[in-house]
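*Asks:* One letter stands for each residue in the lines below.
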Amino acid sequence: MTLAFAILAGLTVGAAIAAMTLRNLVHCSLCATVSLVGLALLYLNLGAEFAAFVQILVYVGAVAILIVFAVLLTRSGEAPAGRVSYGLWTGLGVALAVFGTLAWAIGGSSALKALPKDSAVPALPVKDVGDKLVGDFVLPLQVIALLLTAAMLGAIVIAMREAKGNPQPATRNPQ
Amino acid sequence: MASLDQIFVTLKAWVLGLLPETVQPFAGVMISISAIMAVFPGIFALTTVVERKLLGRFQNRPGPNRVGIPLTKIRLAGFGQFIADGIKSLTKEDVVPRNADKVVHFIAPFVLVVPSFLALSVLPVGRNMAALNFTETGLLFFFAIGAATEISVFMAGWSSRNKYSLLGAMRGIAQMLSYEIPLILSSLTVVMMVGSLSLVTIVEKQTAVQWGVFHNWHVFTPWGFAGFLLFLTAACAEANRTPFDLPEAESELIAGYFTEYSGFKFALFFLGEYLGMFAISGVAITLFLGGWSAPFTFLDWVPSWLWFFGKLVGFILFFIWLRGTLPRLKVDQLMNLAWKFMLPMCLINLVVAGVWHYTADWNDLIRWPLGAALLALPYWIFSRRFESRFQTRTYRYAS
Amino acid sequence: MNPLHGYLLVSALLFAVGLAGALVRRNAILVLVGVELMLNAANLNFLAFWRYGPNPEALTGVMFVIFAIGVAAAEAAVGLALVIAIYRHYRSSNVEDVATMKG
Chain D
0 MTLAFAILAG LTVGAAIAAM TLRNLVHCSL CATVSLVGLA LLYLNLGAEF
50 AAFVQILVYV GAVAILIVFA VLLTRSGEAP AGRVSYGLWT GLGVALAVFG
100 TLAWAIGGSS ALKALPKDSA VPALPVKDVG DKLVGDFVLP LQVIALLLTA
150 AMLGAIVIAM REAKGNPQPA TRNPQ
Chain H
0 MASLDQIFVT LKAWVLGLLP ETVQPFAGVM ISISAIMAVF PGIFALTTVV
50 ERKLLGRFQN RPGPNRVGIP LTKIRLAGFG QFIADGIKSL TKEDVVPRNA
100 DKVVHFIAPF VLVVPSFLAL SVLPVGRNMA ALNFTETGLL FFFAIGAATE
150 ISVFMAGWSS RNKYSLLGAM RGIAQMLSYE IPLILSSLTV VMMVGSLSLV
200 TIVEKQTAVQ WGVFHNWHVF TPWGFAGFLL FLTAACAEAN RTPFDLPEAE
250 SELIAGYFTE YSGFKFALFF LGEYLGMFAI SGVAITLFLG GWSAPFTFLD
300 WVPSWLWFFG KLVGFILFFI WLRGTLPRLK VDQLMNLAWK FMLPMCLINL
350 VVAGVWHYTA DWNDLIRWPL GAALLALPYW IFSRRFESRF QTRTYRYAS
Chain A
0 MNPLHGYLLV SALLFAVGLA GALVRRNAIL VLVGVELMLN AANLNFLAFW
50 RYGPNPEALT GVMFVIFAIG VAAAEAAVGL ALVIAIYRHY RSSNVEDVAT
100 MKG
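Protein chains in written order, with numbering that gives the first Met the number 0: chain D, 0 to 174; chain H, 0 to 398; chain A, 0 to 102.
Source of the hints: derived by calculation from the structure; they are not laboratory data. All of these numbers come straight from a predicted model, not from anything done at the bench. Mixed in with the good hints, there may be bad ones.
[What the hints assert, rightly or not] Chain D stretches covered by chain A per the calculated footprint, using a threshold of three residues with CB under 8 angstroms from any CB of chain A:
#, stretch
1, 2-13
2, 39-46
3, 61-68
4, 91-105
5, 136-147
6, 152-159
[As the list claims (entries may be wrong)] Simulated DEER-style distance windows between Cβ atoms:
#, chain 1, residue 1, chain 2, residue 2, range
7, D, 3, H, 3, 37 to 43 angstroms
8, H, 132, D, 148, 33 to 39 angstroms
9, D, 149, H, 346, 48 to 54 angstroms
10, D, 91, H, 24, 42 to 48 angstroms
11, H, 207, D, 22, 57 to 63 angstroms
Glycine residues also receive a C-beta, built at the ideal position from the N, C-alpha and C atoms.
Work out the full structure, taking the sequences as your base and the hints as a guide.
*Replies:* Okay, structure coming up:
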């Protein structure tokens, strides 16, 4: 394992752990952003330049800001309440079990062992990506266009304030 | 004069030749980095002085005219002001509010400056002189790095625990996000016509000669001209320059999202903003104005890097001119401009670029007016035809 | 131990961290962040197999990742809009407070 991969992997996983354990929500969002940048650098290490820069453009440039805006609009950054639910050990146990299963499957797989250790970095010409998008993958392209439109309209409609006529029932949960 | 054109390339190759083999890649990288870090902050320093003097002249006052060489009486018409400003910002006390989030407050300027320097590294400043040449994804790298600077705006605004900073940061992020779409769409026409995302290839395509004397800059085509104007407007908004400087409106929000910064961190924010302006002007030059190529073939003897920096200086002066002349846009006018005017115009620009491509064998005297008409009609519809919807101003005077 | 093994282990670790966060944290936004981490771990898996597996010229891994990034962004937008709407109703963004079916 090269040094670059070790550093990037450590950064990504460390930032992800920080994102899930910190108390202040804005710090969590910023650590999640660092983790996303670390992932983009890992994609660069794999030789997929296009995917790496799209990851930065979409995730860091849009999704991270969305998360941060949501934290601000729901005032979650102000009063750090109890951070874990009562299922702490159950949740951790399940996650550990999932990781254990995956690691066992990866380590014990004969198909993975059969793959060549070193292959040349495959070229990723953007023209080929474009050709495939309108060639082989034209149906997913159209579907994702519909999906993005629907998601955008849906997000606007859901997050819009209701019309002046209907007062909002701001009931506090009696529990 | 090819040797003068390639003088920096040969200089770097000579220095690298003096070093042992193993150190050479690392040393090459360090030389490119030092060149970028020497040149662009130097331009930034001069820009601050030139901006203050030009704004002074626009406002009928002299601007700074006392500091020439410090500690002497030589005035140099005030062009040494940047030395005084630099010393001031380095020695000022660094005030951090007591309630501020210290770690985020400290990191925010660096999160702005580092992507700005990264964005400057992909610009082809001369023939064979791009520090970082991604052959597949150069322009995408630039936009990705530009998107990453928005996080720093939020970090600065939120960590100061100041409602004016937060408001400025929210406005700033909304503005930058909204104007990224016209920015990317207007550069998409260039990518479509050139067929590559690499900035070096885009410049080389524009060095083709047309009519024996012109170099084939993209701005000399109807889609290129409209794309250039759209890109310029979106670039002005991305760089938070007047008329789009609502996030840092001095008369409203004190200094917007960097109100609570003083001393060196404020200088870093200032540097990061101006470097962002240079980077985006550099990309506008690369995409539309032919990068390092001359406009006419008989001017090809001037070195390529001189052309690039000359055009960059022209852009800087143009932005300063805009700042001195135009009033600031309100936030709803800003958003309306981005979403209801520039986005449809960018999409129509894509169509016009397609029309231009498929009529490549027509006479240019027919193609140009056709393209211009195809763009002018939607422009008139979007800007003038809807004017009846806008409220006419009624003035009430005291009687 | 291939480089592929390394990437797959990192991806599994990231998935487990995201899963733990989504199961354990109370705030709805952090649950969504956990889900995003899980999606990103899957993307890393795809790209690792594209790079080291057979037939990388088909670009299947990269296409999958591009579509997955798009879908994840759309889902994050809608999820966060839902969180904001729920906050407006219940005045709290705890997942445990949204426990009644009554409007």
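*Asks:* Does the structure break any of the earlier hints, and which numbers would those be?
*Replies:* 9
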